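The primary structure of each chain is shown beneath.
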Amino acid sequence: MLGTLALAQDWTSYGKNDLGWRYSELDQINTNTVSRLTPQWMYQTNTPGKNETTPLVFDGMMYVTGPSNNAWALDAVTGRPIWSYKKALPANVNLCCGQVNRGFARRASTLYKVNLEGTLVALDAKSGTQLWESTLEDYKKGYSATSAPLVVKNLVVTGMAGAEYGTRGFIDAYDADTGKRAWRVYTVAEGGPSWSADSWKRGGGSTWITGTYDPALNLIYWGTGNPGPDMDGDVRRGDNLYTCSLIAIDADTGKIKWHFQFTPHDVHDWDAVGDPVLTDLTIEGRPVKAVIQANRNGFFYALDRTNGKVLLTKAYTRVTWADGVGPDGRPVPIAGQDPTEEGNRTCPGMGGGHNWQATAYSPQTGLFYFTSTERCMLFYKTKQEFKEGQWYQASTIGRDEPGNGRVDAIDPKTGKLAWFFETVTSPTGGVLATAGGLVFVGDAEGYLIALDAKTGKPVWRFQTGGTIIAPPISYALNGRQYIAVAAGQTMITFGLPKL
Amino acid sequence: VRLATLFLIATLCAAQDAAESGRLTFRILCAPCHGIHANGGRGPDLTLGTYSAGDQDADLFRVISRGVPGTEMAAYAGRVSDDEIRQLVAYIRSVGHAQTAIKGNVATGEQIFWNKGGCGQCHRVGTKGSSLGPDLTRVGRQRSIAYLTASLLKPDADVTPGYATITVVTRDGKKIVGVERNFDDFSAQFVDLSGKYYSFLREDVTSMTREPRSLMPSTYGKMLSESEVNDLVAYLNSLRGAR
Numbered sequence: 055m056l057g058t059l060a061l062a063q064d065w066t067s068y069g070k071n072d073l074g075w076r077y078s079e080l081d082q083i084n085t086n087t088v089s090r091l092t093p094q095w096m097y098q099t100n101t102p103g104k105n106e107t108t109p110l111v112f113d114g115m116m117y118v119t120g121p122s123n124n125a126w127a128l129d130a131v132t133g134r135p136i137w138s139y140k141k142a143l144p145a146n147v148n149l150c151c152g153q154v155n156r157g158f159a160r161r162a163s164t165l166y167k168v169n170l171e172g173t174l175v176a177l178d179a180k181s182g183t184q185l186w187e188s189t190l191e192d193y194k195k196g197y198s199a200t201s202a203p204l205v206v207k208n209l210v211v212t213g214m215a216g217a218e219y220g221t222r223g224f225i226d227a228y229d230a231d232t233g234k235r236a237w238r239v240y241t242v243a244e245g246g247p248s249w250s251a252d253s254w255k256r257g258g259g260s261t262w263i264t265g266t267y268d269p270a271l272n273l274i275y276w277g278t279g280n281p282g283p284d285m286d287g288d289v290r291r292g293d294n295l296y297t298c299s300l301i302a303i304d305a306d307t308g309k310i311k312w313h314f315q316f317t318p319h320d321v322h323d324w325d326a327v328g329d330p331v332l333t334d335l336t337i338e339g340r341p342v343k344a345v346i347q348a349n350r351n352g353f354f355y356a357l358d359r360t361n362g363k364v365l366l367t368k369a370y371t372r373v374t375w376a377d378g379v380g381p382d383g384r385p386v387p388i389a390g391q392d393p394t395e396e397g398n399r400t401c402p403g404m405g406g407g408h409n410w411q412a413t414a415y416s417p418q419t420g421l422f423y424f425t426s427t428e429r430c431m432l433f434y435k436t437k438q439e440f441k442e443g444q445w446y447q448a449s450t451i452g453r454d455e456p457g458n459g460r461v462d463a464i465d466p467k468t469g470k471l472a473w474f475f476e477t478v479t480s481p482t483g484g485v486l487a488t489a490g491g492l493v494f495v496g497d498a499e500g501y502l503i504a505l506d507a508k509t510g511k512p513v514w515r516f517q518t519g520g521t522i523i524a525p526p527i528s529y530a531l532n533g534r535q536y537i538a539v540a541a542g543q544t545m546i547t548f549g550l551p552k553l
Numbered sequence: 003v004r005l006a007t008l009f010l011i012a013t014l015c016a017a018q019d020a021a022e023s024g025r026l027t028f029r030i031l032c033a034p035c036h037g038i039h040a041n042g043g044r045g046p047d048l049t050l051g052t053y054s055a056g057d058q059d060a061d062l063f064r065v066i067s068r069g070v071p072g073t074e075m076a077a078y079a080g081r082v083s084d085d086e087i088r089q090l091v092a093y094i095r096s097v098g099h100a101q102t103a104i105k106g107n108v109a110t111g112e113q114i115f116w117n118k119g120g121c122g123q124c125h126r127v128g129t130k131g132s133s134l135g136p137d138l139t140r141v142g143r144q145r146s147i148a149y150l151t152a153s154l155l156k157p158d159a160d161v162t163p164g165y166a167t168i169t170v171v172t173r174d175g176k177k178i179v180g181v182e183r184n185f186d187d188f189s190a191q192f193v194d195l196s197g198k199y200y201s202f203l204r205e206d207v208t209s210m211t212r213e214p215r216s217l218m219p220s221t222y223g224k225m226l227s228e229s230e231v232n233d234l235v236a237y238l239n240s241l242r243g244a245r
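Protein chains in written order, with my numbering: chain W, 55 to 553; chain Y, 3 to 245.
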């Protein structure tokens, strides 16, 4: 088996395993038993805001991060709170998209999380006591942090946010014991032909979704966000490396081994932050070590993760800006698709075909699961003067057109759609695949849904009463399997009735 | 005199600069609702030179800064500086031009609304009318003249979210159509034109669809004369809700 699979009953990192599969080996809840799945407990956080967390579960506890620098340790069987954490947020922290957080990372009995003001903290899992705090970068300059860190050996690796504020993106690694920074990789190349003049200094490329790690290759894979300013490409001529890219980083040195840019010179805010999922595939008879991603620009990609060469691409939603992707991995652009002063309609819209929501890969079905949207949007370009720490998007979009959504199951060996489940609005939640032959996903209207992983047929649902933005997880304790998800302001856990 | 002229020119130039800066901010923050040229959309038309919350610069500043409670107009204090709000005001002033946009007669429009137009069969104003379609008690604050006219003549052009058309075909082949109350992945709730409420689970019916069209008749352009349309729009524009 590839990589190190965490103990089946626990959930100890953002993507479940280093490879980012979000696949639970538990099968007590399966296509035969799922109809009996019922809520076991709820924990009301009483904290307003969007909850995007992936909870961690180990040693009988569930560790949940929430909006506005909050976190809770809950008893995983009863949901009763054991300790809580809150860090007061400084005034005037600039955030594009809410006071969100996407989860803890774990190493032994220490938890790691970022706070919104661009800090990384280590907490004792038993008590919630803070062990150390490190500052990534100055929030007054527009830097912030929202994603779950990734533990790689003795390092805590974290991304940052703030590409809409003229920041310069990076990925940092900190010593897990001391909080001392071990290395930093800038995701915006300093100068060079891909950035006109000094535009790289505020070039964006934020790193706001957790990457993955291949222990055999000792490479960390991390997606990068849009260049800044988002929609006025005139002030940053060139490809704008390494924005809208996947970069492979040597875990020990922090050097970039290779990069692959999905959208050169992006002007539609198509961050390449979808989970980079690592899996070994046989493509056209040839076994390959692949990294797969449903990119926001509308194409599914499989790359060779040893060298970043493109193996396979396929549009999974309506795409009007490119006529496919060339053999070199470069999209074949269609003229006249860039934002204009008067507005220009392009598909997909700003949120892309698939945005950041967690994806899943099941070794049982061999399918890759993710939510997608079919939508177009009017993109406007606006000249904007850069002021440090202030909104720097140089653009706007037309009011959202209503978009239907889907949960897609793609065969990553071919890029072909195996099935889809249609949703009435653009999907908000992430997905979980399980060995019970199920795919769990939450929707905008508050349903937690179980789909048959082979067919996409809905086999169970529960109305939670709150929009689900977070991905579900699964864990087991005392011989019982649970499914857990944050819905609205509430953490809910489901299980089968006790026999 | 020369100094005074120079001062005047400098002042005019500064005002132009402020308006241009305001235009750029407007495009980013305000255009999604008020239109890329400030001539309205889901938010009011700002080129009319008269504003529901008051016509002084201070009124515009207050509205941008604090928002308008009970409407979709958010408060922007904290998101933009006071200077930027002043620039926005300068821009709005620069595109505002006095015009006699209201061609109709409010009192006549009110008669048409409740009688010939039959609007009250689906819409509410205050405590009068029906709640099938959107409540129009404050619609004069919420929508521009152009938007109101377009909505009257082409109801499908922009359907208010939450008021789409739901069609359910039952297992026995019966087709039921109504105005959305809720629509999700597994169920639909809606009210038909007689006011009857329905709730269906998707698994219990043959089909269940939501379309972004309105059940409002698209025949008002034929049913009403141009002057009657103007009267009706004048009445709608006068609906400002309880003070």
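Possibly wrong hints are sitting among the right ones.
Claimed, not checked - Lysine-lysine pairs mimicking DSSO-like chemistry, simulated, CA-CA at most 27 Å apart:
#1 W/140 - W/104
#2 W/104 - W/311
#3 Y/105 - W/511
#4 Y/156 - W/511
#5 W/368 - W/511
#6 W/343 - W/309
Hint data in this document are derived by calculation from the structure and do not stem from the laboratory.
In this text, all values refer to a predicted model and were calculated from it rather than measured experimentally.
In rising order, the numbers of the hints this structure does not comply with: 2, 3, 4
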